[in-house]
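Put the complex together from the two separate chains, hints included.
Line by line, the protein sequences give chains A and B. Reminder that position 208 of the first sequence reads as 208 in the numbering used here, one-by-one numbering, no gaps. Reminder that position 259 of the second sequence reads as 259 in the numbering used here, one-by-one numbering, no gaps.
The hints are simulated quantities; they were obtained by calculation from the structure and are not laboratory data. Even for Gly, the Cβ is constructed at its ideal location relative to N, Cα and C. Please note that a few of the clues may not be correct.
As the list claims (entries may be wrong) - DSS-like cross-link-like pairs, simulated, lysine-lysine; straight-line CA separation at most 27 Å:
| hint | chain 1 | residue 1 | chain 2 | residue 2 |
| --- | --- | --- | --- | --- |
| 1 | B | K174 | B | K191 |
| 2 | B | K201 | A | K197 |
| 3 | B | K201 | B | K240 |
| 4 | B | K191 | B | K201 |
| 5 | B | K201 | B | K174 |
| 6 | B | K67 | A | K109 |
| 7 | A | K197 | A | K109 |
| 8 | B | K128 | B | K174 |
| 9 | B | K128 | A | K197 |
| 10 | A | K197 | B | K174 |
Stated by the list, open to error - Quick look at which bits of chain B chain A covers, simulated, 3 or more residues with Cβ under 8 Å:
| hint | region |
| --- | --- |
| 11 | 78-92 |
| 12 | 209-222 |
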Amino acid sequence: MDQHLQELVITVVVFALVLFFTVDSPYFFTTSNAAALASFIAPIAFFALAEVPILILGEIDLSVGEVYVLSPFLVTYFYNAGLPILLGLILALVVCGAIGCINGLVTVKLHIPSFITTLGMTFALEGIILIGSNGAPANPVGTGNLVSWLGGSTWAEAFWALAVVGVLHVMLRRTSFGLHTVAVGGNSESARESGIKVDFVKIWCFVLCALIGGLIGILDSYHIGSIDPDTPGLTFMFYGVAAAVIGGTALTGGRGTMIGASIGAMVLGILEDGFHVISVSSFAYDLILGIAILVAMILNVQIERATIRGAGHGSFARVIGLIFGRRKVPVRQ
Amino acid sequence: MMPNVATKAPTDVEDVLRIEDISMSFGPVTALRNVDLHLRRGEVLGLVGDNGAGKSTLVKILTGLYKPDHGRIYLDGEEVRFRSVQDAREHGIETVFQDLALVDELSVYHNLFLNREHTVGGWFRFLKNRSMRAAARRYLDEIDVDVPSIDVPVAKLSGGQRQAIAVARATRQKNIRILLLDEPLAAMGAKETSLIIQLIKGLCHQTDISVIVIDHNYTHLFEVCDRINVIQQGRVTLDKNLSEITLEELIELMVQSYRREIAQPATGTFSEVSIETSIEVTVANQSVQDAD
Ligand SMILES: Nc1ncnc2c1ncn2[C@@H]1O[C@H](COP(=O)(O)OP(=O)(O)OP(=O)(O)O)[C@@H](O)[C@H]1O
Ligand SMILES: [Mg+2]
Chain A
1 MDQHLQELVI
11 TVVVFALVLF
21 FTVDSPYFFT
31 TSNAAALASF
41 IAPIAFFALA
51 EVPILILGEI
61 DLSVGEVYVL
71 SPFLVTYFYN
81 AGLPILLGLI
91 LALVVCGAIG
101 CINGLVTVKL
111 HIPSFITTLG
121 MTFALEGIIL
131 IGSNGAPANP
141 VGTGNLVSWL
151 GGSTWAEAFW
161 ALAVVGVLHV
171 MLRRTSFGLH
181 TVAVGGNSES
191 ARESGIKVDF
201 VKIWCFVLCA
211 LIGGLIGILD
221 SYHIGSIDPD
231 TPGLTFMFYG
241 VAAAVIGGTA
251 LTGGRGTMIG
261 ASIGAMVLGI
271 LEDGFHVISV
281 SSFAYDLILG
291 IAILVAMILN
301 VQIERATIRG
311 AGHGSFARVI
321 GLIFGRRKVP
331 VRQ
Chain B
1 MMPNVATKAP
11 TDVEDVLRIE
21 DISMSFGPVT
31 ALRNVDLHLR
41 RGEVLGLVGD
51 NGAGKSTLVK
61 ILTGLYKPDH
71 GRIYLDGEEV
81 RFRSVQDARE
91 HGIETVFQDL
101 ALVDELSVYH
111 NLFLNREHTV
121 GGWFRFLKNR
131 SMRAAARRYL
141 DEIDVDVPSI
151 DVPVAKLSGG
161 QRQAIAVARA
171 TRQKNIRILL
181 LDEPLAAMGA
191 KETSLIIQLI
201 KGLCHQTDIS
211 VIVIDHNYTH
221 LFEVCDRINV
231 IQQGRVTLDK
241 NLSEITLEEL
251 IELMVQSYRR
261 EIAQPATGTF
271 SEVSIETSIE
281 VTVANQSVQD
291 AD
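Next up, chain B with everything else stripped away, as it sits in the complex (with noise of 0.2 Å):
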């Protein structure tokens, strides 16, 4: 690894992915404020912000569905322009949204298939659903995903299952580049989320994908990371290696902003304050009462 990581606007060669002033405003509410970014090969990397920070909304610029107020992306050294999802999708941009993209009313295995059908009859498109139910089947099994039947809507799924079955879906394409991961963790009990770790980190290790992935537990994150960036108020306010630094450090950055609110509630609105994990507000709790 590279030592030097607190250089802002990199030019690591190593660099898949490379974001630079990227800035992204909804009407008066500004998301992104010139967010740099970098993502280097075989590398998990861990985005951590309050709610509203603007991590999803960086997730859906990169994969095409949101095109930036301004600012460059660059695959490995390329400047590219994602004009839809299916776009990025051909750059080997693979994502899990929060929402996690599924349609109820569809079932499990048209979801994992959802825009990449198997089809035959050229133009027509026909729908192979029996190659699909079972290449379905084949790749649930082979990453050990429990589902009742893959034949039912996913709206019978629970929360996690259907995290599972999003996970699925991205991890799935052969040609990945760049995997996204929008908190696939957030309703998973504990099986499936050391599943979703393994899974993760297997896809590192034996192969070139890189991973961008959100999670509001740092515990998740400090187990699959090697790097930690913090998006506060739409920028990128910290970059570091997991060996310079410890969970408690980062959990005390990110209730550092708590705090303030606590001590000043009139400087800021309450949705602005973070009550994200119950690991963090247990500690902020803890840090307030120790302070006392």
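In isolation and in its complexed conformation, chain A is listed as follows (with noise of 0.2 Å):
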């Protein structure tokens, strides 16, 4: 119930976006643009959704955006190896699975905080990256039906983000390990006491995390057409967890949808795009971008004072109270 209130305020600003570009530009409306529109939310919804389990258990994942850069080249590296290409997409993705899996047990196994840890990895695939492909360019393998189902033909990467969007919705909110997830964020303690295997949860989110940015990079590489090792992943990153929390991820754990972040990324997506069209320099996108980031965190601590911790007299969240009829705040003992 909690949980839609951001998802609806942001829905308004994604409505009240797509107006205000329409009416300011008769382009911005058009199937032409809904193609160019897709490239942009796709791939920061996939970083959002990668993000949001892992927000949700009060971590962060930063290496996600390397891992992204680093699979399509491990699928080239595995191709020219001599393997059958299937069989290399799905070594990359194991490769980057582990890579997850790495992250998981460091930060569990030997109490690293999760920042720490994964910038180590950020950094070292970066030089894994730079050292491996000495810094040159290369072109994604493969040919024909394959390649266009996997980013090559223009709705493809928005399809994939619809289906992975829909599949871990309901891992998040309709499974059992979508529940422990929450249940450890919003209190590891009691998850623990419940018998609920809390470093096996945490494990397999940065695990599926780095899944869904192996994933990402191999289909971002057939749209693009060619693999960068100088790509930002890093800045990749945190575009996808700005979405999440544009779309109620709560940063402190605990809080967080896939229907959120999806529309998170729809947000910064219609602006990426939307500037473009109406050709605001992409300085200007920045400054909003923090801007958002900064409006979408307010709402976000204030919805969750005035909801859940029950504490909240904040200005804001008597706003809130205001427009959405909830007058009494529920005061916890």
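This is the structure in structure tokens:
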């Protein structure tokens, strides 16, 4: 219920943005721009989806952006080593999963904060990519139907994004694993006392995150048509985190939805595309992005305080309460 | 009941649970030293002790959450080693933890079924929310626990309601052998307290369930318990049937240390002084005044 509040607010923002750009430019609301829009939104959405379970756990994975850069190189590597492309794809994803597993194991078993673990992993992967590629771009391998399915055709990426949103939404909201993820993020001690394997849940969320990063890396390489070792993975990852936060994921853990994160990605994607269309400089985009994240965070924290924690008497919480008829704020003892 | 209860390291065949020589330290802090304790079938054992005496640590060992430094645990005479909470649960040990082990963000019914969800789809474990909600509502009605709605996050419940949910979660299980209650009544009103006490009594009388209950309110304990054990600084220092000790004697025993602290404040840290329930402190003051 409370989760839907921010989703609702953000959906309104999406409509407002669409309206604004449509009024401003006749080109915005066209089929050809829709394709551009999709290719802006899809990668951000993937990164957001990858981060949501991690953020719910109260952790962060900074390295998923570099996993994204690495995975198409792996596909190329395995292909050039003589493996069939399908096997190469699977192996590349296995390697990505293993990277996530290392992130999870180091964080959980060695009690290193995930921020540090994954920061280390980010630089390590960056080094591996530069060494492996010699700093030179490469071309994605393969031809034909497989390539178009893997992002070569216009709508492939959007299709994959939708499918992944659906699967992950069900996973988070409709399975034991999802419930346990929220439980661990909400109160890991309670989760442990309930017999939930806290470490297991965390490690798998890191694996999942890296797998999604690997998948989008592969899709994007076919979509773009080249693989660049200098791709700023860290920035991409932060777009994903921003989208998740805008979509209502609490950076304090315990709260977040896949749908919200996807809508958050739409906000960022529409802004990015819209600014291109109405030819505002990309500098302004960063400014707006910064403000959007701040506003979203404020909204996020205020909703949190007004509903879950129950201690909310902030001015913003009162406004939200007035708008949505939440007159009395329940206070926990 | 067996008449001779003061014997240490009991070999009673009636014992459903027996622990021997359990010790546990957290770094420099020794929480439990060579604790022996036993629990008979169908019995309610009250465990009292000052704050930090080691009661919760003992509960967490019996729940498989902590591994003791050494010592043995016997269930029905057979030695067991709990590898996890799940493992202890499978042996029929249910617990209400002092911190209740609830997740604020989750609804009442998800908390009731946490880690015991009704699921379909085999390995995928899809939640059967409807079935869980129905079962939750049925059980809460059955034991007369009042919550505004089973769909609200437990963060929105009052302290006593949260406690009731935690108790309901433990007692709901069908295969319980031993119920461990770590201060289950601490935040409860009179009505809810008697409700829970009735629930505990009912469980013990209708079934074979044995209970260990920790409470700083001795009046409650005298209402439900068959036997009282006192833990002081990580040791069991007293083991008496209810017929062998009166409420006044127990209070007297517990406030002795308090009085010693008042007499010689330099010998101990303040944290070891017991200032627990209002009843105890009131009586303590009374006794100190009487002594003057
Ligand atoms: N996880 C932990 N890490 C470090 N020390 C701990 C931990 N848990 C308990 N202790 C210490 O062990 C001792 C016993 O604690 P315990 O929680 O068992 O006391 P208790 O008898 O339950 O007290 P209370 O009546 O306050 O609940 C205390 O000194 C406490 O500081
Ligand atoms: Mg305790």
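Do the hints match the structure? See the list:
The hinted pair formed by K174/B and K191/B meets the criterion: a straight-line CA distance of about 26 Å does not exceed 27 Å. A threshold of 27 Å between alpha carbons decides the hint, and for K201/B with K197/A the separation of about 33 Å lies outside it, so the pair is violated. Taking the CA atoms of K201/B and K240/B, the gap is about 19 Å. The hint holds against a cut of 27 Å. Pair hint K191/B plus K201/B holds up; C-alpha atoms about 15 Å apart against a cutoff of 27 Å.
As the CA atoms of K201/B and K174/B are separated by approximately 16 Å, the hinted pair is consistent with the 27 Å bound. For the given pair, K67/B sits about 17 Å from K109/A by alpha-carbon distance, which is consistent with the 27 Å threshold. A distance of roughly 13 Å separates the Cα atoms of K197/A and K109/A; the hinted pair therefore holds under the 27 Å criterion. Distance restraint check for K128/B and K174/B: the Cα-Cα separation of roughly 19 Å lies within the 27 Å cut-off, and the hinted pair is therefore satisfied.
At roughly 21 Å between alpha-carbon atoms, K128/B and K197/A fall within 27 Å of each other, so this suggested pair holds. For the proposed pair K197/A and K174/B, the alpha carbon gap of about 23 Å is at most 27 Å, so the pair holds. Using a Cβ-Cβ cut-off of 8 Å, 4 residues of the region 78-92 of chain B lie near chain A, which meets the minimum of three, so the contact claim holds. Residue count for the region 209-222 of chain B with a Cβ under 8 Å from a Cβ of chain A: 0. That is fewer than the three needed, and the coverage hint is violated.
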